[in-house]
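Protein chains: 4
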Amino acid sequence: MIYTHKVHYYETDKMGITHHSNYIRWMEEARVAYLDSIDLSYAKLEESGIISPVTSIECNYKKTSTFDDVISIKVYVTEFKGVKLKLKYEMTNEDGEVCVIATSMHCFLNAEGSLINIRKEYPDIYDILSNEVERQ
Amino acid sequence: MIYTHKVHYYETDKMGITHHSNYIRWMEEARVAYLDSIDLSYAKLEESGIISPVTSIECNYKKTSTFDDVISIKVYVTEFKGVKLKLKYEMTNEDGEVCVIATSMHCFLNAEGSLINIRKEYPDIYDILSNEVERQ
Amino acid sequence: MIYTHKVHYYETDKMGITHHSNYIRWMEEARVAYLDSIDLSYAKLEESGIISPVTSIECNYKKTSTFDDVISIKVYVTEFKGVKLKLKYEMTNEDGEVCVIATSMHCFLNAEGSLINIRKEYPDIYDILSNEVERQ
Amino acid sequence: MIYTHKVHYYETDKMGITHHSNYIRWMEEARVAYLDSIDLSYAKLEESGIISPVTSIECNYKKTSTFDDVISIKVYVTEFKGVKLKLKYEMTNEDGEVCVIATSMHCFLNAEGSLINIRKEYPDIYDILSNEVERQ
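Protein chains in written order, with my numbering: chain A, 1263 to 1398; chain B, 1263 to 1398; chain C, 1263 to 1398; chain D, 1263 to 1398.
What the hints contain is simulated information worked out from the structure, not anything from laboratory work. Treat the hints with caution; some may be incorrect.
You can't tell identical chains apart in this list, so a pair holds if it fits in one copy or across any two.
To be verified - BS3-like mimics (lysine-lysine), calculated; alpha carbons at most 25 angstroms apart, straight line:
| # | residue 1 | residue 2 |
| --- | --- | --- |
| 1 | 1343 | 1324 |
| 2 | 1343 | 1325 |
| 3 | 1346 | 1325 |
| 4 | 1306 | 1343 |
| 5 | 1336 | 1268 |
| 6 | 1336 | 1306 |
| 7 | 1268 | 1306 |
| 8 | 1343 | 1268 |
| 9 | 1268 | 1346 |
| 10 | 1324 | 1350 |
| 11 | 1350 | 1336 |
| 12 | 1346 | 1336 |
| 13 | 1346 | 1382 |
| 14 | 1336 | 1348 |
| 15 | 1324 | 1348 |
| 16 | 1348 | 1382 |
| 17 | 1348 | 1325 |
| 18 | 1350 | 1306 |
None of the values given here were measured: they were computed from a predicted structure.
Work out the full structure: start from the sequences and follow the hints.
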């Protein structure tokens, strides 16, 4: 999926560029839209009693962006066997230049905060995410 | 009470100054510290089953600030009769110049989200806040 | 103009609702889109050597919003005679309920930071903004 | 150096915890305070015509935090030979539990945006940062 984000004025800093922390937020925006697109919305997950926190982030800054730039974010699953979910994000500017390459890792918790194995406990969700890995 | 906030790099924008939205956040920082100082912490209010949302904000920007500036925020109660709470904030820089004058208005809700009259339902809290008005 | 903003997860707070400071940022988003729509983009203003800082904000919170809500922001000019610009913002949720009513006031500065009178110094810009007041 | 940050209400999200993007901002806060403490403030670097952007971030989330928690951030240099600077951050809560382990990588640019070798062009700054690596 390609998600787009237009850089807001309040996302720039006194260097005149997008503050690096905002890309972490755009990863979340792209992830939410992506999960919606495969019918696994945050709302649906929460209704199923699942929360999926971020356990790690890696973010490589290749090129700066600034106010009014339109950033395209390609987001996809790179790893999933039922316990950990890894997503990759490729952000490019309007000239097709790569600005940021990033990954996020997630686990799945039930309402009590215990780690769950999606393959065992939610086979439907497991199938959706597994298919996404194969599509790459 | 005087609360101080040192401006963070990520709070600046491409004009080279503190983005105006951050002063609204510092008002909250100052308010939290102030309520702590009069023994009415957010935690204590929430334990009593009270939440106190912001119902309105007014913020007048007099002078800009930027990265590394230390802003002193004087915060105090200007109005309280039991239902609405009004706080005022005076923000000055290290040279004593006024940067921002602001007010926030708050109400009080119980766990069901209904408006409550603090004077009737929480006389202890009423006394603390009333005393604060008189101290001005 | 109607600008829409879908509430991001990172814009919510532990009360489960949109943190009130974010509406101030959405006002800027709506203002940027609105000025673009009348051919007065920030970029164009800056090329003309004009910056237009916020001098005051008023924001009345009527109804909360939360993650994934789509907020429609109607933005328009309410006052402009050449020196001060006043904009109004009406934010409604998907059910047409009013969430926030707000205003922002702006002045115009040249590159040296001195206040300018748009009517005298930039008659073209003056005409555009004056027409906007009359359209209301 | 140990930098402390008290979690603000606006830094929490609807999960009731600190939103993960804020730790990236606290890394910057800790870095600024650390560079100040070794007499290499951002202001001093900028006066020397040097900017030092973030080129990558890694952040591992071990334990959540929330409003009012006091987070201690130990920050130190782990790599520096003149071109790239690597910093490490260990964030612990009031019980001494590790919340976040993170690293940031930085380069150095001159006013024209060209990569510079600090060892060759700024031997004084090179000495300060090299000493910091050895102190570990």
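Subject >> 25 angstroms Cα threshold - placement of residue 1325 relative to residue 1348 >> reply: both (23 angstroms within a copy, 19 angstroms between copies)
**OP:** Could you place residue 1336 and residue 1348 in one of the four classes (within, between, both, neither) given a Cα distance threshold of 25 angstroms?
**Re:** Close inside one copy (14 angstroms), not across copies (28 angstroms); limit 25 angstroms.
**OP:** If the cutoff is 25 angstroms on CA atoms, where do residue 1336 and residue 1268 land: within, between, both or neither? Let me know, please.
**Re:** Both: 15 angstroms inside a copy, 19 angstroms across copies.
Subject >> Intra- versus inter-copy proximity for residue 1382 and residue 1348 (alpha-carbon distance at most 25 angstroms) >> reply: within (18 angstroms within a copy, 41 angstroms between copies)
Original post:
25 angstroms Cα cut-off: does residue 1343 pair with residue 1324 within a copy, between copies, both or neither?
Top reply: between (30 angstroms within a copy, 21 angstroms between copies)
Original post:
Within a copy, between copies, both or neither: where do residue 1346 and residue 1325 come within 25 angstroms Cα-Cα?
Top reply: between (29 angstroms within a copy, 16 angstroms between copies)
Original post:
Is the C-alpha distance from residue 1306 to residue 1343 at most 25 angstroms within one copy, between copies, in both cases, or in neither?
Top reply: within (20 angstroms within a copy, 44 angstroms between copies)
Original post:
At most 25 angstroms between C-alpha atoms: does residue 1350 with residue 1336 qualify within a copy, between copies, both, or neither?
Top reply: So residue 1350 and residue 1336 pass the 25 angstroms test inside one copy only (8 angstroms; across, 29 angstroms).
Original post:
When no copy is named, should residue 1343 and residue 1325 be tagged within, between, both, or neither for a Cα gap of at most 25 angstroms?
Top reply: Close across copies (23 angstroms), not inside one copy (33 angstroms); limit 25 angstroms.
**OP:** Indicate which option fits the pair residue 1324, residue 1348 if close means a Cα-Cα distance not exceeding 25 angstroms: within, between, both or neither.
**Re:** both (21 angstroms within a copy, 17 angstroms between copies)
Original post:
Within a copy, between copies, both or neither: where do residue 1346 and residue 1336 come within 25 angstroms Cα-Cα?
Top reply: Within one copy, since 20 angstroms is at most 25 angstroms while 28 angstroms is not.
Subject >> Homomeric proximity label, residue 1268 with residue 1306: Cα distance no greater than 25 angstroms >> reply: between (27 angstroms within a copy, 17 angstroms between copies)
Checked against the numbered hints above, the structure breaks hints 8, 9 and satisfies the rest.
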